[in-house]
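There are 2 protein chains.
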Amino acid sequence: MMAKKGFVRSIVVENPSLNNNTADAQRLEQCLLDELGTDYIKIPLSILKKLPSNLRSWGFRAKAVLFKDRHSWILVDLLNSMSDNPVLGTAVDIGTTRIVVSLIDLETGVEIGRKGFDNPQAAIGPDVLARIHYSSKKTGLAELNNLVIDSVNFNISALCKEHGYKKEDVYLFTGAGNTAMTHLFLGIEAIEIIKEPYIPCVNIPDTQPAVNLNLDINKNALAFLFPNIGSYFGGDLISGILFSGLDQKQDTCIVVDVGTNAEIVVGNKDWLIACAGAAGPALEGGVSKMGMTAKPGVIDQVWIDPDSRDLMIHAIDEINPVGICGSGMIDLAAGLFLSKRIDIQGKFSRQICGEQLFEKDGINHFILVDENHSGTGEAISLSQVDLNSLTSSKAAMYTILEVIVKNTAGLEFSDLEKFYVAGTFGSFINPVSAISIGMLPDIPLETFEVLGNSSLGGAKELLKDPDAFERIMKIRQSITYIELNVNQEFMNMFSGAKFYPHTDASRFPSLQNKI
Amino acid sequence: MMAKKGFVRSIVVENPSLNNNTADAQRLEQCLLDELGTDYIKIPLSILKKLPSNLRSWGFRAKAVLFKDRHSWILVDLLNSMSDNPVLGTAVDIGTTRIVVSLIDLETGVEIGRKGFDNPQAAIGPDVLARIHYSSKKTGLAELNNLVIDSVNFNISALCKEHGYKKEDVYLFTGAGNTAMTHLFLGIEAIEIIKEPYIPCVNIPDTQPAVNLNLDINKNALAFLFPNIGSYFGGDLISGILFSGLDQKQDTCIVVDVGTNAEIVVGNKDWLIACAGAAGPALEGGVSKMGMTAKPGVIDQVWIDPDSRDLMIHAIDEINPVGICGSGMIDLAAGLFLSKRIDIQGKFSRQICGEQLFEKDGINHFILVDENHSGTGEAISLSQVDLNSLTSSKAAMYTILEVIVKNTAGLEFSDLEKFYVAGTFGSFINPVSAISIGMLPDIPLETFEVLGNSSLGGAKELLKDPDAFERIMKIRQSITYIELNVNQEFMNMFSGAKFYPHTDASRFPSLQNKI
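Heads up: the sequence lines are chains A and B, in that order. Per my numbering, the first sequence starts with residue 1, numbered consecutively. Per my numbering, the second sequence starts with residue 1, numbered consecutively.
Rather than coming from a laboratory, the hints here were simulated on the basis of the structure. No experiment lies behind these values; they were computed from the predicted model shown. One should not assume that every hint holds.
As the list claims (entries may be wrong) - A few chain B residues facing chain A, derived, Cβ under 10 Å:
{"no.": "1", "residue": "Asn-19"}
{"no.": "2", "residue": "Asp-24"}
{"no.": "3", "residue": "Gln-26"}
{"no.": "4", "residue": "Arg-27"}
{"no.": "5", "residue": "Glu-29"}
{"no.": "6", "residue": "Lys-50"}
{"no.": "7", "residue": "Ser-53"}
{"no.": "8", "residue": "Ile-193"}
{"no.": "9", "residue": "Glu-196"}
{"no.": "10", "residue": "Val-202"}
{"no.": "11", "residue": "Ile-204"}
{"no.": "12", "residue": "Gly-230"}
Backbone N, C-alpha and C fix where the C-beta goes; we use that ideal spot for every residue, glycine too.
Extracted from the complex, chain A is given alone in its bound form:
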């Protein structure tokens, strides 16, 4: 099998002669059109300025750095094919909380390195809402834009240096973020995103000279940000679908991104159905609000022997624990339920918990780590309030999955060929635990697959594969976006899902032996 051709190509331009006195630029153009099998390519003026002497000193051979956008191929730069100039690209996941930059060798497609850092806009506002409000103030948009651009510039430069490259070696930039982050990154007014009727300024940003975005990489570099479908369905999700390959699957699969919002896409090569964003009061808080962010000392895994009821924990970096994160909480809830310490209504059983339960301000707390083994000097516990919140979250997740898979797509969970879990949080969830509490459907474990940072993955994919652009546009076109309608029917389904694992326990046959 031939390796797929990327964005760097070796070309040989026809020599000029008295018989072919077509201009250099037009012979170069023809050579590229033939190489790419297309009928139009943009060649920027900056390349033309020295084209005659360059082509002649290079013997009419060159290395073409290319890109493709919604309308055409673009020649990014033309290099001496004899030189060993590196040709790099950066793919960036522009997260609300965290930004990850990946450095890619465009000639091999290999990832050279990766760097994650906090989105510095958090200093202005922790969430999208606060930042958008701030952006509508006098110099707010410029401030937010500068913060994110400066931090990306700094980290690209640092990442290049770490690996022995220069920032000028970076010719392509792809970025995926939610609709708000994308607008702030482009320096585009964002306030309408959060005002009814929730209209983004742009769905499909065109490819830009990177310099127009103040990106400090190669002066000829191009930058592309993933398109969105609306205010609540951003380029990060489109990028994630690209990475999952959902748009090319024969059999129906699902992608669930448990990030700041719960975002779900189900479909195959023929159709895609998506829902995303807040789903009304029932989901306030959302699954991602459970527990702490992963950091050293945070409990990320919990095991409870259902018979002995012995409890084992794992804290990140194996130091004394300081708290618990989402995946740990799901493990914990599953263990507590299977060991009968919480009942099917999600309430602590005083009888079974015994002295592991203490009451404070009239609220039950389950002690997970006593004060002697804690890293904070205080016991680490799970309160009934925490548990209720987890119960709501898991019920919401299950209900949304049910709405989209059953009510909307008209399928059964068992029809799903693959169940992709994306997002940082999703990567750490133990599907067995999630099934045990009725958060995820009871389908074979091998169906579940962790995608990791799918938003970054899609942005990387676009740096490697010229066909990705068409897939992105097709994904945008073929998605049916459903608004979660939190009506009486939804609330009824939600009520059933708030039980452990569900009022209809027959949906979770794998638990029959365990409960």
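For chain A, the structure is supplied; the task is to place chain B on it using the hints.
Only chain B this time, still in chain A's reference frame:
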């Protein structure tokens, strides 16, 4: 008849709603696509940045400033439809010797004013050859580029001020020049144009942000320079053909541009044949080298009564004459021939000239203005050497016309519906005189039509008519460019044409009664 729609359109963008939450940019795009009947338009990032607040404060009504290039429509800027901001364009004839800037109201198509000035590159080299050589020196290209751009900026700004406008009111720039001038204007290496095999860097320059060319007009303005066919067939000629409308004529016509080179295009809506440039040693000097450049005191018209042989002259601004320009020389030669003071071989007849002829260094001189009536204190005369040069030039012109019309197109001169004379020099030629000396073919006088500055005319046309772009590309495609082959056959034809009016006098029936 509906007025043809230009590059400024009033548009109404669909209001957003919960039912149509398409982004502002995409609703704007759809509105423009509908208005223009096209399927792709570029919208620059700079317009997006404030699009949401602009559209809302304007009630979703706007004035769109548009342009079109080889590949798509482009939105140049979006203005409040309620404002009375002027929307102007500049068309520029980038001549080797002289540059002319025309200021156009893009909403009405009306020319507001025009300004001509000498190309300041002349300080570096008088002709294309000298400038291109200079451009290949260290900072030569940048110097030449700065000179022309600065002078154009200065004059656009002055022209705007004179008419009560600001340079920021200029949104479009179209320029037509020969291939060398176009390269220098774009700052592109030009040396290969004059080195065998004479390859321009670019045939079809893409539309550029004006700021990329350092043009100091509106910051969103676009600039387009006319494409060329080769080193010797420039954008000025393409522009001239556009202006003449040759490409849309039912019947065959000819355009003759007597500028720095003799350039000729014959054709109609189905085909175009062109030749241009130097035609070998026989044409050295060329028609344009005859006489002085038009300025006050220069004789531009001469009448000689064939019977009385009385001679009348007209000098520009009617002051005492200081010299004679090309059109005056053609009148003079015609008068001298018809009054038999020069014979059919183009030699002065001592017998008939009498004391109007004096000899100096063994060369005959015909006195046109004696020293008492001259503005220089010396007699103004025409020497046999000057006359020989004129004879060669007129013979060359006729021979080229014969080669292109008869030998190449296979037509007779009488098949030409119109004979357009373009260029500054051409504007002043009296066709009767030119026919009398056998320079132009003996066809009905009403066939001749003066085009004036056709290069500027085409550039203006492109500011008014969105369809012009396609015509330009079609003109480029449909031209068959013939190299004048100065072979034995050409030299034989040339020899015949050096007679007055021609060895074959039957070609000039209108002269039969006069000679």
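Notebook entry, point to check: Should the hint that Ser-53(B) touches chain A count as held when the rule is a Cβ pair under 10 Å?
Noted result: At about 6 Å, which falls below the 10 Å cut-off, the nearest Cβ of chain A leaves the hint on Ser-53(B) intact, so it holds.
Check: How about Gln-26(B): closest beta carbon in chain A under 10 Å, or not?
Finding: At about 5 Å, which falls below the 10 Å cut-off, the nearest Cβ of chain A leaves the hint on Gln-26(B) intact, so it holds.
Margin query: Holds or violated: the hint that Val-202(B) contacts chain A, with Cβ atoms closer than 10 Å.
Written below: holds (4 Å)
Notebook entry, point to check: Taking the closest Cβ pair, is Gly-230(B) under 10 Å from chain A?
Noted result: Holds, because the Cβ-Cβ distance from Gly-230(B) to chain A comes to roughly 5 Å (cut-off 10 Å).
Item checked: Status of the hint placing Arg-27(B) at chain A (closest C-beta pair under 10 Å) -> holds (9 Å)
Notebook entry, point to check: For the hint on Asp-24(B), does the least C-beta distance to chain A fall short of 10 Å?
Noted result: holds (5 Å)
Next item on the list: Could you check if Glu-196(B) really has its C-beta closer than 10 Å to a C-beta on chain A?
Entry: holds (7 Å)
Notebook entry, point to check: Taking the least C-beta to C-beta distance, is Lys-50(B) closer than 10 Å to chain A?
Noted result: Nearest chain A Cβ about 6 Å off; hint holds.
Notebook entry, point to check: Do the numbers back the hint for Ile-204(B), that is, is its least Cβ distance to chain A under 10 Å?
Noted result: Where the cut-off is 10 Å and the nearest Cβ of chain A is about 7 Å from Ile-204(B), the hint holds.
Item checked: Ile-193(B) as chain A interface residue, shortest Cβ-Cβ below 10 Å -> Hint on Ile-193(B): holds, closest Cβ of chain A at ~9 Å, below 10 Å.
Next item on the list: Against chain A, run the beta carbon of Asn-19(B) and see if the smallest gap drops under 10 Å.
Entry: holds (8 Å)
Check: Given Glu-29(B) was flagged as interface, is its beta-carbon under 10 Å from a beta-carbon of chain A?
Finding: holds (9 Å)
In this structure, every one of the numbered hints holds.
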